[in-house]
Structures are given as C-alpha cells and as structure tokens.
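Trainee: Chain residues, written in single-letter form:
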Amino acid sequence: MPPATSSHDSAWRALRRRRYLLGRWPWRGLAYTVLTLVVWIVFVIPSIAVVAPFGGAVDALSRGQIVGAGGLLLLGLALGFVLLPLLATPSMALDRWRTRVVDPRPVPAPLRAPSEPGPWLRDRYLTVRRWRYAGYFVASMALRTMLLTALSLLVTSAGALLAAPILSARSLPINVGPWHADTPLETGSLAVIGALLVAALAYGWTGVACLEVALLRRTLDADRTQRLAEELTEVGASRTRLVESFDSERRRIERDLHDGAQQRLVSLAMGLGVTRLEVVDALGADHPAATGVAAAHEQAKVLMDELRAFVRGIHPKVLTDVGLPAALDQLTASMPFPVTVTSELAGRPPSPVETTAYFATSEALTNVVRHAGATRATVSLGREGDDVVVEVRDNGHGGAVARPDSGLTWMADRLAAVGGSVGLSSPPGGPTVVRMRIPESR
Amino acid sequence: MTRVVLAEDGTLLREGLVDLLGRLGFEVVAAVGDAEALVAAVEEHDPDLVVTDIRMPPGFSDEGLRAACRLRTRRALPVVALSQYVERSYAEDLLDSAGGRAVGYLLKDRVVDVEEFGRALRTVVGGGTVVDPEVVRQLMRRSDPLDRLTEREREVLALLAEGHSNLAIAERLVVTEAAVNKHVGNILAKLDLPPSADSNRRVLAVLTWLRRRD
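Chains as they are written, first to last, in the numbering used here: chain A, 1 to 442; chain B, 443 to 656.
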C-alpha cells in the first residue's frame, strides 16, 4: 500500500484501500456529511416552498378536486421555474467549496453570469446550463434527504446496539424484533454488530460524499465546450485588440517622427542648401568651405530620404490622410516592374481594415518581387458584401506554396487577426493570384 | 522683384522658406499658417506667385490645395503646391485648374535642392508647368503603350512631363539639344501627339496623354 497521502489522494481512492478505516478519510467523510446536513438545513425551507404545491396537488387529486389540483400544479411549476435556477447557484458555490474536504482536485468554476439585467435574466432562465444546474440542485437535495434520513435511522440503531451491554447491565430489557438479549454473550454480539454497522456507515457516508462530488463535477464539466468557446472568442478578441494597438502605436510613431525629426531635417537641409549658395557665391565652388558645405548638404538629403523611407515603412502618411488606393499607388511606384492599381472602393473602409489591407498587399507584392519572376502585376480593390477584397495578380511562373515561415503564412495570420482570410491560386506556369478578404465590421 | 505669398503651417519650415525665397531673389510679402489666411493675403497683396503647403489647419486634409484651386478660378495665378507625399488626385486637380498653366506640384522635400526649386518657381511664374518626378514616375508606370518607346525616349519623356525645357533636358542627360529635339520628335510621333514649338504646350500635351490612361 502506498502512503495514505499524496497530492492526488482523495476519499474515493482511500475507500478502495484495506486500511481505509484506520486513516483520516472516514473522519473527513464524516465532516463532509456534517456539512451536508448544514447545507440541507439552509436549502430545505425554500425547497419545501417548491415541493409543497405538488404535495398539495396530489392531496387535492386524491380528494377529487381536479381544478384545485391543476392550480396547485401550475403554482408548483411556476415556483420551481422561478426559484430553482436561483437556488442552484449558491448551492453549487457551497458544494464547490465543500468538495475539498474529500477531494483536493479543483472543481471547474461555473460560467459567470452577465451583469446587465436583460442578458442576466436570459442567462438565468433560458440557457441549458442553468437548467442543468437546477437539475443538479434537485438531484442533490433528493440525495441529501435520503442520505440524512437513512443516516439518522442507522446511527440511532448503531448507537443502541453498541449500548446493549451497558443497558443490559442496568437490567433494562433488550428486544431486537422477536428476540430478547439477556446473556452477556447475546448483548456482546449485539455490540459487535453495532460496531460493524458503524464501520459500514463510515464507508457509506464517504461513498455518498464521493457520489455527490462526482455529480457536481459532471454537471460543471458539461460546461467545458461552452467555456472553451467563450475563451476562444476572448482570445480572438484580444488578438484583434493587440494588432490594433500595434497599428495605432505605429501611427503614433509615424506622427511623432513626421512632426519632429522630419520637419527639422528638412529645415536643416534647406538651411545647408542656402548656405551652400552663399559660400559658393562668396568663395567660389572649389573653396574647401564650399565643398564641405556641399558634402554636408548631400548627406542631409540622403538622411532625409532614408528617414522618409523608414517612416513610410512604419506607417505611410498617405494611408492615413488619403486612403488605401493612394497609398498603394505610392508603394507600387517603387516596384521594379509595372504594377497597376485599380479600385472600386466607394468611400474609405475603417482604418484597421485599410492598414491590414495595405501591409498584407505590401507583403504579397514583396513575394511577387522575390519569387514570382514576374514582369507585371495588378492590384485590384473591391467590396463583396461586407468584405473588402484585395486581389494581387502577377504574370510570373506560378507554383507558389504557403510554407510555415513564408510571407503568405504571415499574411494569413495578419488577416485572421481581424477576421479575414487569404486564398492562393498558383498553378505551375502561372498566373499567381492572391486574394485577401477583410470584413469591414466585426 | 517677384512678390510671393507663402502658406505653410510648420513654423520652422515657414521661417526656413522665407529665408530661402529671399535668397533666391523673391520678395515674400506675406507668410501665413492656414488656408483662410492665404486667401486673405492673396486678396490683399495680389502676388505674382503663391507657394503653399497642401495640408494645413484646421482640417489637415487638403485645405491648401482647395484654396489654391479657388484662387485660380478667376485668373491663372501662378501656384506651387508642396505636398508631403505624392497624391495623383492633388496633382490632377492642380493641372485641371486654369488649363494647367502656371502651376507646380512638388514634394516638400524638393525644397532642399535649392537651385532646382528656384528654377521650378521661375518656370511657374513664367506660365510653365512643373510636376514632381515622383508623380511622373507613377503616371508613366501605368501606361502600357510606353513599351514602344526606347529607354532613352522614356527618360526624355519623364523630364518633359516634369516641365523641363529641351535645353534643360539636354543639360541633364549630357547630350546636345539637337539630340533632345530628335527624341522629343520621335516621342510625340509615337504617342500620336501634334508637334509643337511651344515648350509648355508640349508639356501639357504629354501630361494629358499620360493622365488619360487612368
């Protein structure tokens, strides 16, 4: 036998061990049963309110009062409908807390209820899981009532049996059914039976405790699919939020650079240009001062170009100010082969859609330049239903496939983050068509 | 002296431009920071040239451009518009105003090429048309029939569209003016454009041809 305690030890495991009665688990089972009594007492009065009309209905029916029976039945159903889902939640909360007495493994938490009144009511009364909780409540109350009734009888009996030798010594008559126990042997036997009964009860109450925990666990495990679905929705939403916060951060960086460094650099280069003229006029173009200023001027211009290209890569200003077609015109103007941009977008899509479309198209065109061997490409923008659709087509050799670290996979991830998708058609020999779809509203 | 009204909302850049224009031999009669002030300054000073930023307060969209186009409805007031980036529709609105004469559309960064910028301003004051090389590049990229042109002819066409004279093109490409004349003749023939001695009319014809591809 392994030692009685391990992190996964539970009453259910202990029950199957031979030395169960010598360990702590019978006592824990008893403690749980005492708590069951407390819970039962708390919930029995409202439960009676639900059950009583049904009892009344049966009573009325037995006296032939059909209308009265029907009314009471309806009352019972109404009370049950209103009260059971309300009672189930605190009862389950108590039960979840109690389980640790006999089972250290955590029980999944019930799904949280919405806080606004409308959704709260709908969730409370019109969802399958709430009625599953209510079913659990009814079943567990029935189980507790039976358990406690049986226990009170059996504990009393066991107590009486154990007390038999003492009672006999005080010359009290002891009758068990038609038999009389008089001799010490007889009363001793009764006490032994009493002890065996107590031992059996120690198995019984722990067993019922385990049954109750299993019932609770089963009820809450049934929420798992819904819980996963909710978590997935949340993960999707948080991914979208992350992407959007990246995008707005990029826009902010672009704005800061544009208003700050870029402006100053243009002023500096302009100043150097003027100085260059002055110096050339005053000293001649070959003077060291003139060549020095000329070199500085040229460097400032190079730096300006580099900074402009860098800022454009972060987030093109024309995309924010004018829109997607203009930004794509600017992007494609620097491609090594002719790219035609056509747009049938009437009106501007929301900014996150434009940003996603821009960077995904940029990636698609980068792929065309790198891999397609194309001499021409077209980008067409349009709408289909609620989606913005971007199609990038090239006249290259085709045969493109999406590898895990390829640009296409990156595009698919980027688009999926805003609920969009990407499709690829690239037969050997071409043409290659990449089709992106981005929903305008989420 | 050529009298200029300048509109630019960035203080640093505006002051720099005032210095620059002065050094280039222009007299800046007013330097303002938004489109409304620009219109008022033009009414007041009746300048020979307007140099304006396209994006300005209060909306920071295309206030400068709108004001410039409005100012050009009555007469071909020479205007050079400066833009942070190439936006073809801006260029086209300007080219459509007053028949595309005496107008320039340049990227803001071009102001640092001081002498070149000065030349562009004088071309516009003289009634000419100046288009940023970047715009021309975008326009030419979209025109399939340009495949008929040789590499050299396309270079010449781009410079022509930017508003350079034959002499200026010859200087840039380090060839004789006669050679440029020959290229220009070939280009106009290949694009089915009428030959013309007037350099600005030629520029406009080429630009119109490039734009009709849209």
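Note that these hints are calculated values from the structure, not bench results.
Be a bit skeptical, because a hint or two may be false.
Incomplete in silico selection of chain A near chain B, CB under 8 Å [to be verified]: (1) 261; (2) 266; (3) 270; (4) 274; (5) 313; (6) 320; (7) 329; (8) 437.
Note that the Cβ used here is the ideal one computed from N, Cα and C, for glycine as well.
Trainee: All the hints need checking, so say for each whether the structure fits it.
Mentor: Structure-based check of all given hints:
1. 261: Violated - the Cβ of residue 261 (chain A) stays beyond 8 Å from chain B, reaching only about 12 Å at its closest.
2. 266: holds, 6 Å
3. 270: This hint holds: residue 270 (chain A) lies near chain B, its Cβ roughly 5 Å from the closest one there, short of 8 Å.
4. 274: Cβ of residue 274 (chain A) sits 5 Å from chain B, so the hint holds.
5. 313: Since the shortest Cβ distance to chain B is 14 Å, the answer is violated.
6. 320: violated, 10 Å
7. 329: Holds: closest Cβ of chain B sits about 6 Å from residue 329 (chain A), inside 8 Å.
8. 437: This hint is violated: residue 437 (chain A) lies away from chain B, its Cβ roughly 26 Å from the closest one there, beyond 8 Å.
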